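Grab the two chains, each in its own frame, and use the hints to assemble them into the complex.
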Amino acid sequence: MNEAGIYIHIPFCDHKCIYCDFYSIIKFDSVKAFFSSIKEEIMHYSEKFGNEREYKTIFFGGGTPSLSEPSDLADLINLIKQNFNLVPDAEITMETNPGTVDLSKLCNFKEAGINRVSIGIQSFDEADLKFLTRIHDKNGAIHTVFNAVEAGFENISIDLIFNLPGQTPEKWGRNLEIAGTLPVNHISAYSLILERGTILNKMVLNGEVKIQDEDFDAGLYEQTMQFFRNRGFKQYEVSNYCMPGYECKHNQIYWDCKEYLGFGPSAHSFYNGKRWWNISSLSGYLRAIQKNGGIAIAGEEVLTDEQFKEEYIMLALRSRGIERSKIEGLIDEKQALIDRLFNSGHLTPEGEFIKLTEKGFPVCDEIVTELIS
Amino acid sequence: MNKIRNFCIIAHIDHGKSTLADRLLERTGTITQREAKDQILDNMDLERERGITIKSHAIQMEYKAKDGEIYTLNLIDTPGHVDFTYEVSRSLAACEGAVLVVDASQGVEAQTISNLYLAIDAGLEIIPVLNKIDLPGAEPERIKAQVVDLLGCKPEDVIPASAKANLGIDEILEAVIERVPPPKGDPDKPLQALIFDSVFDPYRGAIAYIRVFNGKIREKDKIRFFAHDKIQEAEEIGILRLLKTKTKELEAGNVGYLISGIKDVHETKVGDTITHFKNGAEERLPGYKEVKPMVYSGLYPTNTEDFEDLRDALDKYRLNDSSLVYEPETSAALGFGFRCGFLGLLHMEIVQERLFREFQQAIITTLPNVEYVVTKKNGDKIIVDNPDHMPSPGDIDYVEEPFVKAQIVAPSEYIGNIMKLAMDKRGSFKNQVYIDETRADLSYEFPLAEIIFDFYDKLKSISRGYASFDYEFIGLREADLVKLDILLNGEPVDALSMIVHRTKAYDWGKKVSEKLKELIPRQLFEINIQAAIGTKVIAKSVVKAMRKNVIAKCYGGDISRKRKLLEKQKEGKKRMKQVGNVEIPQEAFLAVLQIED
Numbered sequence: 050m051n052e053a054g055i056y057i058h059i060p061f062c063d064h065k066c067i068y069c070d071f072y073s074i075i076k077f078d079s080v081k082a083f084f085s086s087i088k089e090e091i092m093h094y095s096e097k098f099g100n101e102r103e104y105k106t107i108f109f110g111g112g113t114p115s116l117s118e119p120s121d122l123a124d125l126i127n128l129i130k131q132n133f134n135l136v137p138d139a140e141i142t143m144e145t146n147p148g149t150v151d152l153s154k155l156c157n158f159k160e161a162g163i164n165r166v167s168i169g170i171q172s173f174d175e176a177d178l179k180f181l182t183r184i185h186d187k188n189g190a191i192h193t194v195f196n197a198v199e200a201g202f203e204n205i206s207i208d209l210i211f212n213l214p215g216q217t218p219e220k221w222g223r224n225l226e227i228a229g230t231l232p233v234n235h236i237s238a239y240s241l242i243l244e245r246g247t248i249l250n251k252m253v254l255n256g257e258v259k260i261q262d263e264d265f266d267a268g269l270y271e272q273t274m275q276f277f278r279n280r281g282f283k284q285y286e287v288s289n290y291c292m293p294g295y296e297c298k299h300n301q302i303y304w305d306c307k308e309y310l311g312f313g314p315s316a317h318s319f320y321n322g323k324r325w326w327n328i329s330s331l332s333g334y335l336r337a338i339q340k341n342g343g344i345a346i347a348g349e350e351v352l353t354d355e356q357f358k359e360e361y362i363m364l365a366l367r368s369r370g371i372e373r374s375k376i377e378g379l380i381d382e383k384q385a386l387i388d389r390l391f392n393s394g395h396l397t398p399e400g401e402f403i404k405l406t407e408k409g410f411p412v413c414d415e416i417v418t419e420l421i422s
Numbered sequence: 178m179n180k181i182r183n184f185c186i187i188a189h190i191d192h193g194k195s196t197l198a199d200r201l202l203e204r205t206g207t208i209t210q211r212e213a214k215d216q217i218l219d220n221m222d223l224e225r226e227r228g229i230t231i232k233s234h235a236i237q238m239e240y241k242a243k244d245g246e247i248y249t250l251n252l253i254d255t256p257g258h259v260d261f262t263y264e265v266s267r268s269l270a271a272c273e274g275a276v277l278v279v280d281a282s283q284g285v286e287a288q289t290i291s292n293l294y295l296a297i298d299a300g301l302e303i304i305p306v307l308n309k310i311d312l313p314g315a316e317p318e319r320i321k322a323q324v325v326d327l328l329g330c331k332p333e334d335v336i337p338a339s340a341k342a343n344l345g346i347d348e349i350l351e352a353v354i355e356r357v358p359p360p361k362g363d364p365d366k367p368l369q370a371l372i373f374d375s376v377f378d379p380y381r382g383a384i385a386y387i388r389v390f391n392g393k394i395r396e397k398d399k400i401r402f403f404a405h406d407k408i409q410e411a412e413e414i415g416i417l418r419l420l421k422t423k424t425k426e427l428e429a430g431n432v433g434y435l436i437s438g439i440k441d442v443h444e445t446k447v448g449d450t451i452t453h454f455k456n457g458a459e460e461r462l463p464g465y466k467e468v469k470p471m472v473y474s475g476l477y478p479t480n481t482e483d484f485e486d487l488r489d490a491l492d493k494y495r496l497n498d499s500s501l502v503y504e505p506e507t508s509a510a511l512g513f514g515f516r517c518g519f520l521g522l523l524h525m526e527i528v529q530e531r532l533f534r535e536f537q538q539a540i541i542t543t544l545p546n547v548e549y550v551v552t553k554k555n556g557d558k559i560i561v562d563n564p565d566h567m568p569s570p571g572d573i574d575y576v577e578e579p580f581v582k583a584q585i586v587a588p589s590e591y592i593g594n595i596m597k598l599a600m601d602k603r604g605s606f607k608n609q610v611y612i613d614e615t616r617a618d619l620s621y622e623f624p625l626a627e628i629i630f631d632f633y634d635k636l637k638s639i640s641r642g643y644a645s646f647d648y649e650f651i652g653l654r655e656a657d658l659v660k661l662d663i664l665l666n667g668e669p670v671d672a673l674s675m676i677v678h679r680t681k682a683y684d685w686g687k688k689v690s691e692k693l694k695e696l697i698p699r700q701l702f703e704i705n706i707q708a709a710i711g712t713k714v715i716a717k718s719v720v721k722a723m724r725k726n727v728i729a730k731c732y733g734g735d736i737s738r739k740r741k742l743l744e745k746q747k748e749g750k751k752r753m754k755q756v757g758n759v760e761i762p763q764e765a766f767l768a769v770l771q772i773e774d
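If you read the protein sequences in the order shown, they are chains V and R. Final position of the first sequence in this note's numbering is 422; the numbers increase by one with none missing. Final position of the second sequence in this note's numbering is 774; the numbers increase by one with none missing.
Stretch-level coverage of chain R by chain V, calculated; a stretch enters the list once three of its residues show a Cβ under 8 Å from a Cβ in chain V:
1) 721-731
2) 750-762
Once the Cα atoms are required to be at most 27 Å apart in a straight line, the calculated BS3-like pairs of lysine-lysine come out as:
3) V/Lys-323 x R/Lys-745
4) R/Lys-751 x V/Lys-383
5) V/Lys-408 x R/Lys-741
6) V/Lys-159 x V/Lys-88
7) R/Lys-399 x R/Lys-366
8) R/Lys-745 x V/Lys-307
9) R/Lys-745 x V/Lys-251
10) R/Lys-747 x V/Lys-358
Derived by calculation from the structure, the hints in this document are not laboratory data. Predicted model, so just to flag it, every value in this text is computed and none were measured. The beta-carbon is built from N, C-alpha and C at its ideal position, and this holds for glycine as well.
Just chain R, same shape as in the assembly (with noise of 0.2 Å):
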């Protein structure tokens, strides 16, 4: 075990994580050059094309140091968005250090600290790396000096770096042999192991990544799993080198594989603990949530005959994703689709991406929105993830809506931008509390529904991406709600209603209602556009009638050429979706994540 070194990489954004992590692969032999394609961890598409990591992944190296003995480091790579704030919080308590990359020309960024901070609660070594000194907007002095501040750590301590010119490798190396604590644990106790990922793969089933605390696991062990009590066979364990590679047993401190004959991703789940079914251990490791959604959103197929094929692709795509959950809705707009939770907007975007990417999955979604309490003047509850299950306001005693409490973290100059920005956002605040004579934590309670939408890209931009933003649950809470509708030639579109703070509703009725004018384009007839509030209209537009669509010439070598634009004009109408007299653009249904306040 004191051969052992476990531990991840973090990093802000572009960074350079990925770079160090195929020159650590390079250098210690677990992969050739000629192998390596780029950035090894990050092998899904959208993870390369988004620069970030979605899901992490392990892998393990033998290095040689200097001290002539040979170590088994294992690389765990952890996702870098608040949305998994979670799964990152797992990966990291599979580790006992951690690499802080820090782009020399850059410097310390929202990510850097809140990933830091992470690292940090969960007792990890941190080494800090500066990053990209070749480069020629470097200033390895300035940022050093904020590496220092942040971590309160020796100049020296900092270890300059070029993951692309190949500088500072073997460096970093030794600072993972020298200053991560090997892992603790006892080989000899019941088995402890963490699941701090899993994946499935369409041949084996689920495949979890364990991190080995006590005990060890062997090949055709029988095992439990804490968070639903299941027996299962280890049919395979192994390590995780640039491929799978069995092994008989896995012991304590190490990190590896398990293929258990589970199906899914489901069984699984990211935290749980694995122990023997026979003198297993009592305890689980300390840690394990589940993971419940926050945001709900509808999605619908673009053409309606499709979904059954969105149902397939779902389904499929769940095996891969525990967090997503999916139920069938029908909209009077939209036709047949899926009511589906996810974590975050980020969650929600890439769920979206991937069945259109993997799945050829071409989907309409609708506004998203968090999970209401309704208690109705009946005394019943009921709970409402869809804005247009939203009883009647005569009905409605009262509505509670989730809370979280955020910590902003950000330089004092934005302080000021900051607080306005919170304001804005129904925040309230309540502590300040002063990290070094620069920078500031704040705390603030939020309504969920106010921070799921753009405060996260508006905190950033008033901040310079200086600000970092965590946040987690902290309960319901009582707020003057209301729905608001939006109705087109007098029909309601269900799948336009949104839940809003009722001193919000005058205000968003005229945007969404002046945006929707916008985007919905002239037609046969006249459109107008409403927004109620119950039967009261706070807010209206008008798409005025279509006056001139007709090409004014249409001879024998015209007609051809005429009849392929109106083909395609029939596809665009085609995309459309009718409600009443009207056809509505796709893009209506998220109008109101384009509108600026």
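Next up, chain V with everything else stripped away, as it sits in the complex (with noise of 0.2 Å):
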């Protein structure tokens, strides 16, 4: 039977930081309103879909999840369980913020289900988290990780950003050696990215906000590299890096081109070839689904087989790779160039797959334009 994850975006944050662009809405008042729906919408496509995969995964996003009450969460976790395919020792992450969360509810997260936590802590510099308007300062950050290990959690990941404005080499490496003396296993660390719409954007159009250009950018990524595979990480996507055997099973069906469905305003689903996403308004979400009867989707697309081929082409080199048999009439087609990247030290076979180096993480979509092209 073929796997497959579940992904329920929780929309709500206690205010909207400068940079983020995913969906979230800082009123509280249809919490309750929510997790009704979401059990709806749950319930919906269990019926269809529910006994068709091995579910493997359950990913809480947001929004800020870790601002939910545990009980919602054990709720939906429970409901889960009971009318979908769901494994017995599932990866169940919930995104937390620092400053959400303390001790005894980071037990209860653990007691509703969560078995993994992912830690929004961006940065460990004051100057960086209030330019980022996080809520939370170092010593918050850091106490949270340890509480998240005394409540119980074994698999424990950290986001950190990097090329923040005014960001120098010898800054962001302090951030990494904080990280990097933390008891996680698993840290994402993201190159900055400026989404339209966020304020972080405009401040940057306005000339408030001036960001390092390109060259700068690739210098710290190639810090960022280094330091942990010379620490014994592994570098198992362009901002993944985890001790072996802790990967992101999540996430690794998003690169595999695996199947998921994504539950709550927003989130997208990708299923029997089709991917589908749902209205990205709270209050549209709502309604459409106590109108539709769970259903709540904006928009959808079939894939052609050269999309298909494309999303895979971009989604593999970015994590385990490519697999030569799933793509041999390009391989043929594209030979020079590829024979090039492999002489040039951009790309390094590994068995049957062709995998990025070091020096072609940081090329990642270029390489794959000239391959799609």
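As structure tokens, this is what we get:
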């Protein structure tokens, strides 16, 4: 039976961070309605797809899911367990913001069935945190990690962001050093993305904030990859590093082009060759669920063979590598380019896979474009 | 014949020529206001946008004058750019008078003067009109003084008007009747009719616009063209109202059209004379010239697969434009395309634009160049219209390039700037004459290659638009010319080669390699750009390898958006041209035109 994952979008946040473009809402008056609607959505899809796949993961993203009551998440997890073919050792992740949880709340989440936390630290530098409008400080961030350990989580990830305005290689290096001392076995380190519609993007357009150029960004990225390599972490995707065996199984489902169901406003699903996405506004989502008996789809697409192949190359190259047998014709057609990239050290063969090297990761999208052009 | 007046309107761009034409047509009842699309005479979109008239047209009006008589007025429109000087001169030859329109706030400008001189050369009676006198910025008295000064006419000869506000229209019409002489000519002499324009009609073939000077032409007449001696039948003749109106005959003095079973405009050449097959005139009317291209450029389809489509489009376009010549050629960088000859840069832009608009052809053009005559050491002479075909330096005895004689008319305060510009462009000064106390006429000789790119624009900018400029070909001259090649990672890019004067080669080499560095985006591998003469590298620059192009996050909700982004990038790459391992954006092929010197 094919594997699949489940994503649940919890849209509530206590404020909006300047760089964030996820769908989130800072009013809490519809929390109740939200949980009842999402249950309805889960029930609707369980009838259709609950037993067709082996569900391996649940991922609570947001928003700030850790603002939720642990019992509300427990209800959802139980509902899924009862109505979907969820494997007993499923990876159940919750995105967690430092400053929203204390030890006892983390214990309750653990109790509710969460077994992996991804902590949105972003930086240990107070000035960076202030700039990013995060509510926590350095110590709060570190405490949250230790509290998670104490609560019994064995699978802990933290998020960091580099190429922040004013960041130097030295400052970023200090962030990495601190991260390296923490009891975590997974780290996501993202280069700052300027998303349209964010406050940060406006600030950049206004000239209030200056973003460093491509070469500077590349330098920090190289520094990051080297740091984690030296610490025994494995880089298993463009921005993701882990101790062996601690890859995020849920995210690997995306990168392996496997199937997933997404519940909640703005969540995306990919199932039976079709991708669909939900209405992003909470009120629109709630209305639609009520009206259509658990459905809140805003749009959908059926991938053509070519699009599927493009997505495969795009996702596989940034993670596991491209499996030769899956793109045979293309490899013949692009042999000269691939050879050149082997020789230049951008790509490396690994068994049946063609993988990016540390030299290749920074230009991943360029290589993908060359391969699909 | 005494009741016919043939005239044109000449003006600087935007001085209101087209609006005035509309008013004349309305006033004479040729069109009603409802029928009047704005600016009737300029009926190509492109003309309207650029505010220029590319092809000339004509229209006939009936006007009841104050003397109670009804007159036939033929208004002949003229193109207004130096590329089309010959066409202008033929349109003027069909007239006896010209209405000179000057904007009452802008005053006399470059085109006013150059067109006026053409009209005076053609012996036309000039009727000066001060237009837009109702606008707040108008200075009718000051501008009138300029016009009087320019023409040497009396102040009361200048007619104040506003085409927009319908002022002075009757006065202009009366002046045309009174001042423009009726056509001369003898209806009983053998036929001589001048083709002053010809257009292509997809159903009727070539339609010649003609002015009959002597004799008369009737339907079904057997006629002969001096340019090619072909015998044709006059299938249809008529006059040009808002629509073509068939008539039985056209007599000396009148203007009209002729359809004669000729497929395309190449056999109805502007400036040619038509006469009868039997008892025809022995001589053609004066002033006929074979129009030859002055500027050459490669035209390539953006997508190499579209070559056949481009050929079809050019074949069709050519039916309408007798001055465009083209031949297939191949470029290692750009694939299959055509080497095309144009009258000048504006003509080149127009062709490119019309191929895009009317035939949906997306085109890459290479740097325009002139035609060179190369004498090889073995005595062979070859014509080189593509820099890439230049023989290697060791085989060349000497190279000749086309020269032109240029007249520059400008207010005297700009002479210093103009002389400096002329020197930069390898011009040799010949003569300077003061037309009046404020305006000088400078004579120069230039290599044509130096004035085809940006000379006119520069001249206008250093003289605030007051300098007028005209040139004519005077012959070939030997010059120390070299071929400058551009190499990307050691591979020459044929479409980027150019022929330059040796003294300018280093400077150009440096500027072009720097410009290309700006225009070629960073790629996976470093790109070495070199400019070389033969095997000698004279300038280089480097596009460093790309260091980062990857989106940091790609999770479930990002995938679709990200794939679409990559598809866009893929489309972008498709538009680039691959030379060796390097991808070159299309705008790089015209890089040289963007260089400021």
